[in-house]
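A.B. asks: Taken in sequence, the protein lines are chains C and Z. Residue numbering for the first sequence is 1 to 589, as defined by the working numbering. Residue numbering for the second sequence is 1 to 589, as defined by the working numbering.
Each statement offered as a hint is correct.
Which copy is meant is left open, so a pair is good if it fits within one copy or across any two.
With a straight-line cut-off of 30 Å between C-alpha atoms, the simulated DSS-like cross-links for lysine-lysine are: (1) Lys-492 - Lys-575; (2) Lys-325 - Lys-278; (3) Lys-311 - Lys-325; (4) Lys-488 - Lys-472; (5) Lys-488 - Lys-575; (6) Lys-326 - Lys-225; (7) Lys-575 - Lys-537; (8) Lys-326 - Lys-278; (9) Lys-314 - Lys-575.
Simulated from the structure, these hints should not be mistaken for lab results. Please read these numbers as outputs of a predicted model, since none were measured by experiment.
There are 2 protein chains.
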Amino acid sequence: MDLYTPPIADIRFNLEVFGYEQDVASLPAFADFDLETAMSLLEEYSKYCVEVLHPLNKSGDTTGVRFDPADSSVTMPEGFKEAYAGYCENGFGSIPWNAEHGGMGAPFALSTLASEVMIACNKAFSMCPGLTAGLIDALEAYGTPAQKEVYLSKLISGEWSGTMCLTEPQCGTDLGLVSTVATPVGDHFELTGTKIWITFGEHDLTENIVHLVLARLPDAPRGIKGISAFLVPKFLEDGSRNPVFCGGTDHKMGIHASPTCVINLEGAKGWLVGEPHKGMRSMFVMMNAARLNVGIEGVALAEAAYQASLKFAKDRRQSRALDAKKQDREHAADNILVHPDVRRMLLDVKSTTEGLRGLVAWIALNYDVMHHSTDEAVQQKAEDLVALLTPIIKSFGSERGFFNVSTAMQVMGGAGYTADWPVEHYLRDVRIAMIYEGTNHIQALDLVGRKLMMGGGRLMRVFAGEITDLIKSCADDARMAPFVEPLKAESKRLNATTMEMGGMASADHEVMGAVASAYLNQFALVTLAYVWARQAKAVIDRPEDDPQRRSKLQLARYYMELVLPEAAMYAQKVKAGKGAVVDIDVDLL
Amino acid sequence: MDLYTPPIADIRFNLEVFGYEQDVASLPAFADFDLETAMSLLEEYSKYCVEVLHPLNKSGDTTGVRFDPADSSVTMPEGFKEAYAGYCENGFGSIPWNAEHGGMGAPFALSTLASEVMIACNKAFSMCPGLTAGLIDALEAYGTPAQKEVYLSKLISGEWSGTMCLTEPQCGTDLGLVSTVATPVGDHFELTGTKIWITFGEHDLTENIVHLVLARLPDAPRGIKGISAFLVPKFLEDGSRNPVFCGGTDHKMGIHASPTCVINLEGAKGWLVGEPHKGMRSMFVMMNAARLNVGIEGVALAEAAYQASLKFAKDRRQSRALDAKKQDREHAADNILVHPDVRRMLLDVKSTTEGLRGLVAWIALNYDVMHHSTDEAVQQKAEDLVALLTPIIKSFGSERGFFNVSTAMQVMGGAGYTADWPVEHYLRDVRIAMIYEGTNHIQALDLVGRKLMMGGGRLMRVFAGEITDLIKSCADDARMAPFVEPLKAESKRLNATTMEMGGMASADHEVMGAVASAYLNQFALVTLAYVWARQAKAVIDRPEDDPQRRSKLQLARYYMELVLPEAAMYAQKVKAGKGAVVDIDVDLL
Chain C
1 MDLYTPPIAD IRFNLEVFGY EQDVASLPAF ADFDLETAMS LLEEYSKYCV EVLHPLNKSG
61 DTTGVRFDPA DSSVTMPEGF KEAYAGYCEN GFGSIPWNAE HGGMGAPFAL STLASEVMIA
121 CNKAFSMCPG LTAGLIDALE AYGTPAQKEV YLSKLISGEW SGTMCLTEPQ CGTDLGLVST
181 VATPVGDHFE LTGTKIWITF GEHDLTENIV HLVLARLPDA PRGIKGISAF LVPKFLEDGS
241 RNPVFCGGTD HKMGIHASPT CVINLEGAKG WLVGEPHKGM RSMFVMMNAA RLNVGIEGVA
301 LAEAAYQASL KFAKDRRQSR ALDAKKQDRE HAADNILVHP DVRRMLLDVK STTEGLRGLV
361 AWIALNYDVM HHSTDEAVQQ KAEDLVALLT PIIKSFGSER GFFNVSTAMQ VMGGAGYTAD
421 WPVEHYLRDV RIAMIYEGTN HIQALDLVGR KLMMGGGRLM RVFAGEITDL IKSCADDARM
481 APFVEPLKAE SKRLNATTME MGGMASADHE VMGAVASAYL NQFALVTLAY VWARQAKAVI
541 DRPEDDPQRR SKLQLARYYM ELVLPEAAMY AQKVKAGKGA VVDIDVDLL
Chain Z
1 MDLYTPPIAD IRFNLEVFGY EQDVASLPAF ADFDLETAMS LLEEYSKYCV EVLHPLNKSG
61 DTTGVRFDPA DSSVTMPEGF KEAYAGYCEN GFGSIPWNAE HGGMGAPFAL STLASEVMIA
121 CNKAFSMCPG LTAGLIDALE AYGTPAQKEV YLSKLISGEW SGTMCLTEPQ CGTDLGLVST
181 VATPVGDHFE LTGTKIWITF GEHDLTENIV HLVLARLPDA PRGIKGISAF LVPKFLEDGS
241 RNPVFCGGTD HKMGIHASPT CVINLEGAKG WLVGEPHKGM RSMFVMMNAA RLNVGIEGVA
301 LAEAAYQASL KFAKDRRQSR ALDAKKQDRE HAADNILVHP DVRRMLLDVK STTEGLRGLV
361 AWIALNYDVM HHSTDEAVQQ KAEDLVALLT PIIKSFGSER GFFNVSTAMQ VMGGAGYTAD
421 WPVEHYLRDV RIAMIYEGTN HIQALDLVGR KLMMGGGRLM RVFAGEITDL IKSCADDARM
481 APFVEPLKAE SKRLNATTME MGGMASADHE VMGAVASAYL NQFALVTLAY VWARQAKAVI
541 DRPEDDPQRR SKLQLARYYM ELVLPEAAMY AQKVKAGKGA VVDIDVDLL
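Work the whole structure out from these sequences, hints included.
C.D. replies: So, in structure tokens, the structure goes:
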């Protein structure tokens, strides 16, 4: 049964709505990537994901990875090695990198939206190219010319893969506690320490694995300002084995085919990336694109779960329509799509998933503008939107993604809970997205504690300006009122919440911690209302029977009437401040 | 590491608050069960769960059950057989049944609250006695004296176990579609058909398994009014094998140690229970207590997950307190309990879990009153509360339970996602509770379509009367205002929503379907506010430094300020009516 079809049409729609041709393809860097070219690359990529990666998803989950303590090797499930080789041969790992080291030089937005399809087809597999991409980003930003020469083309081609070695047993969120030591020895360093939760830290897909390791120089200041970043390859240039070994793999609720490794550095040779004690910069370069991708995980698995549940619903007959006129007397029961609650669940998932996809497209396109525009004002505005909305995509995308997969399971009843359908697998796989690459609350603190403060509130003004411009542009169109009026009301409420929170938090930092998660959700709901209003505006002038117009308008209406009301609830939770949260006796918990 | 301690003190507290001694132990039937006797039985029971069932929980999940197609047998994971035997030897399966067939004759409330502990220790195991209990209920209500004689003592002792065979491949929610046929042959019937998702349909814990099977007599009317119930034992009285065979077990996201079976009836001998075509009555008797128990699954696993996450939090140090005065300069980082968002998550779980436990206690006690009171008015009121609030316990208990286990996982970060901690297991196990024993939306339809209508709205008036009485009794106590005022405001809003929904739905049944799930959640949130106000009132006169007083008041405050605001959001969703949900083109989904 064909349970997943890549949402190519909706990706294209969003590229169009959020300005692919005007804002990105028009940049000199992307002269070769008009929309049609971009779309044919996306189709080719999607075809590979569906035909090669998707069939390995269930077997990979069932088999999992195999760690052998005898030689500290990790064997991937059957078929992954060949699938990875084919992925690289097709150049799919090289899409967004510039041509100097063998990249295709396509827009980041394209590879980002494409990654949804790979994740939906095989999330565990997708994490290998995902981590490699982070390392490439870090090297492009901070690598020496010699490092770029040695590593970039191998990483971009996929011959080698990359990792991000941050966490240690005593430090996850708080990287200031890193205790891995890097001792200078001649032209290099020797690293000693233990890293945990290293995704694809060991595997048999590539001939070499390049770790980016956070560690501390002997003279390092304490805390976060004493962290440096090092390149630590599994095999050195002379072919000898560097003493960086996998000490085991974790047993997890999901992503069984993604090896999560303990990595022991036993005097492993490493080379500094960037300046001493400035390792967090490399980390953040790796992390920023990764955070977008984690948000996409929620979109991808919710879409895949939605499609499975919709197929189930189309076949399933149970009970009678509540409206007698809709009853199908040729069958003993009606198709469950007649039941309002089944529609409600499907619309809940679809409206938030398509809203999030639009948000990802908007921000990914701004990412390209931020990197390639030569107009300083345009560049700055793009950077502001990326900075402001990345934590929202990561956090809301992953949380809503988890709820959405669960809702899709609910549509299917008991069938959804069994392994006969893929949804239980998706639910297990998607849950980690709320945790890694900075937990969702860390995203909320980033939003409230950093992004809202930057440039004296400039980012929020840029965002509010976008909303105001959209509202103004629809002022004379009564057809847009059902979408614009709720957006107006809720963005006004968001501004009030922001002011109120600012007032409370400036006198008391604990308030910020207590309300940040609720505030992020309120912000996210308003952002999706903006995205839905943009999508609605993009179709409103089409003929009334245009299917995409009808589909987008019915989803936009659902979003405004039945999802957006959640924003006021979060506003209420922000208003409650810190009292009931903080002024407690923890010994009574 | 000792990760779970049964919440005995909170169970006792709720038995006291909700009238165990005045309303239940005072009934002649329970003369032998004063509170101290009840509590010592509960402690003995809990000890067995913790010492014997808990250690089998993880291994049972990892091993799962083994189906052998050669002889259609199902082998339980190691240790389950011995644990089950010990459970029966201690008489733990016999607690609430009357002495005539070997029961202990204790209040139902006691066995119900005790079951939380068994579920927390080993949910998969708990399903075997759980299903047996349903069958005992059905037989006590509708069995012939001869059937009671043959079956009841064996089921109550646990020598035999019971099942509930309802679902077939083409019918789950809609039991009117049952097609299993029962043909009369002499003094019995021969049943032919296939049943799916039969919990403990086959296993090696007991010498016999007794199925309660819904089937259709040859002359049965179509639909739900043509369903009869039959007793179909695996082994007949002469020891011969009845042709009712397990055809396989399902692979599921969780409850791996609970066999979910396909059951093939191949001309199996069966005996009618109750009247022909009235099988749904037996089914509902089985189902009602089962629905309470499913709500408890959410409470049990949320409590267990909460305790694990709290233990993790107490040991974990990451980052610095936002309030400099709270920073612990003797360590490189502060304990994560200083972080407001960690407190928020823990309070979210604890306040809703303890609120739900109180609700379960209240309704379970009313269950005993309904069955044993001789005062007709008292009996009727108890019956009304049980009928009204059972769907709320099942639905809100299971949904919030799922969210709560997920929130506990979030407290633990990556650790919670690994199998090194039990929370990922709990999350997989608890998810099914939203689906079985009637999906959560079926509960909502039961609430809105049946319970609100009964006796011209009598049930709702009884419930509103309880709230009004409580509010009045607190009128002169300013200390109670922070709990009573929000309850007052939200119960007023609930009444308005109920009226408004009634107005919309009476003209259009589809509205009911569209809004029922949101309405149930609004109702549940107000109900928990009532429970919290009751709990607060119960401790308010104690000395200010009494730990239980302080704990209950800080949780009640959290609930009122940070959970109850969700009620207004659901009211808003009800207000939206059916338009955006129903008036869509499903072909565009």
